[in-house]
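K.L.:
Protein chains in written order, with numbering that gives the first Met the number 0: chain A, 0 to 295; chain B, 0 to 156.
Where hints are given, some of them may not hold.
Computed footprint of chain B on chain A; a stretch qualifies when at least three of its residues, placed anywhere within it, have a C-beta under 8 Å from a C-beta of chain B [stated by the list, open to error]:
#1 1–13
#2 50–59
#3 103–115
In short, the hints are calculated from the structure, not lab data. Each residue gets a CB set at the ideal place from its N, CA and C atoms; glycine is no exception.
Here's the letter readout for the chains.
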Amino acid sequence: MPIAHEFDYHKPKTLPEAVKLLAEYRGKAKPLAGGTDLIVWLKGGLEKPEAVVDIKALRELGRIVWKKDEALIGALITFSELIDNADVRKKLPVLWEASRTVASVGVRNRATLAGNICSAVPSLDSAPALLVYDAVVHLQGPRGKRQMPLKDFFMGPKKTALAPGELVTGVAVRIPKKKSGGCYAKLGRYAGEDLAQVGLAVLALADNTYRVAHCAVGPVARRAEKIEGLLNGKRLSDILLEEAVRLVDKEISPISDIRSSKEYRLHMTKVMLRRALWAAVNRLAGSGPVAGSSLI
Amino acid sequence: MKNISIQLKLNGVRRTLEVEPSDVLLDVLRDKLGVKSPKVGCDRGDCGSCTVFMNGKTVRSCLVLAVEADGADVVTLEGISKNGPTRLQKEFVKRNSFQCGFCAPGVILSAEEALKKHPRASDEEIKEHIAGNLCRCTGYKPILDAIKTVASGKASK
Numbered sequence: 000m001p002i003a004h005e006f007d008y009h010k011p012k013t014l015p016e017a018v019k020l021l022a023e024y025r026g027k028a029k030p031l032a033g034g035t036d037l038i039v040w041l042k043g044g045l046e047k048p049e050a051v052v053d054i055k056a057l058r059e060l061g062r063i064v065w066k067k068d069e070a071l072i073g074a075l076i077t078f079s080e081l082i083d084n085a086d087v088r089k090k091l092p093v094l095w096e097a098s099r100t101v102a103s104v105g106v107r108n109r110a111t112l113a114g115n116i117c118s119a120v121p122s123l124d125s126a127p128a129l130l131v132y133d134a135v136v137h138l139q140g141p142r143g144k145r146q147m148p149l150k151d152f153f154m155g156p157k158k159t160a161l162a163p164g165e166l167v168t169g170v171a172v173r174i175p176k177k178k179s180g181g182c183y184a185k186l187g188r189y190a191g192e193d194l195a196q197v198g199l200a201v202l203a204l205a206d207n208t209y210r211v212a213h214c215a216v217g218p219v220a221r222r223a224e225k226i227e228g229l230l231n232g233k234r235l236s237d238i239l240l241e242e243a244v245r246l247v248d249k250e251i252s253p254i255s256d257i258r259s260s261k262e263y264r265l266h267m268t269k270v271m272l273r274r275a276l277w278a279a280v281n282r283l284a285g286s287g288p289v290a291g292s293s294l295i
Numbered sequence: 000m001k002n003i004s005i006q007l008k009l010n011g012v013r014r015t016l017e018v019e020p021s022d023v024l025l026d027v028l029r030d031k032l033g034v035k036s037p038k039v040g041c042d043r044g045d046c047g048s049c050t051v052f053m054n055g056k057t058v059r060s061c062l063v064l065a066v067e068a069d070g071a072d073v074v075t076l077e078g079i080s081k082n083g084p085t086r087l088q089k090e091f092v093k094r095n096s097f098q099c100g101f102c103a104p105g106v107i108l109s110a111e112e113a114l115k116k117h118p119r120a121s122d123e124e125i126k127e128h129i130a131g132n133l134c135r136c137t138g139y140k141p142i143l144d145a146i147k148t149v150a151s152g153k154a155s156k
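Extracted from the complex, chain A is given alone in its bound form (with noise of 0.2 Å):
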């Protein structure tokens, strides 16, 4: 199918030239890097900007720069390149758990987490990853460099706090200081290709805190808080993990869709609680379940 919408194309050399042709189009130009759901929304006639601005070109931006607290991943970096990076695998296997699970191979061979969280689409299965993780999105525009937690970044489905003109250029990582286990549990209809019904991120560290995030069960991806405060300083037991379930309708507010109801999203977040939390405690045990098996 073509694209009906006529556009510009431009492919800038530097990052200064990116940011430059992006401030000059005002906000009606579109980054392309990866473009696994730009050009699908391309087609579909819900993106029509005057030009679209292809970065691929910005080696910097294609380098994930680690330092010794943090990871600062380039907007060019692919979910299969997250998934075939050792040092990923070994000190962020949430986002490495979670990378797997984005779409299919074929997908994962183009599309970059930067694009994934700049869709924002509400079941993003990057995101809970990156909010237990602490991401600080990189943002580079007309009025200069800033940053940003990510948790502040997504403004509802498909709005970010982006400015007219601005880019992502990279997320930071932190790696957590302490010693600690996760998991990234995501429920589809069937095992393979499909969007999130739930996705539910835990990282259990050696101090007794936790960090539970989730997607696809409201407008936007973020921390579980409530429960997070709950279970903070305490041993997990099966006791506590009840009181942290009847929390879950606190926490979270899901819609009934195309892919699921309300009431099975609600029922099975509290399902995938039980066991996110139990196989990120006994990671960090140096137990529970194989990195990337599945917890459903």
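Chain B: place on chain A using the hints.
P.N.:
Relative to chain A, chain B alone:
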């Protein structure tokens, strides 16, 4: 019309052509370059029937702008079987792994990528690699059997 001249290597042959920014690689391959193995299925990245190799990795050609292929190395099913069917293709024929054949080019390329990455691919690795290629005829069993046979080194050459 804002035509852009692009040059790409298609199945080993250098091709130069004019495209518009809104042209999609899949349509250009089929309609302008005469390569018919990538199929127009869902046309939104879900079904895998438009799969091609781009710079050594499988991509959904329905989700690639043609201009993005400027300077790229694109290989379709026609390209991998230039010197006759691959071992995998022979195994597919032997096992009757297709009925209508619409998904076949995409499945073969995804399976070739799986075997390139994991020459002794496990069942799980095989399933993961072809999970994005939908087949509505076979129930996947004969497809998986064919790939497994090659991965286990038991396929005839």
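K.L.:
Each of the hints needs a verdict: does it hold here or not?
P.N.:
To see whether the hints hold, each was checked on the structure:
1. 1–13: holds (count 9)
2. 50–59: Coverage by chain B holds here, the residue count being 3 at a Cβ distance below 8 Å.
3. 103–115: Satisfied; 6 residues make the cut.
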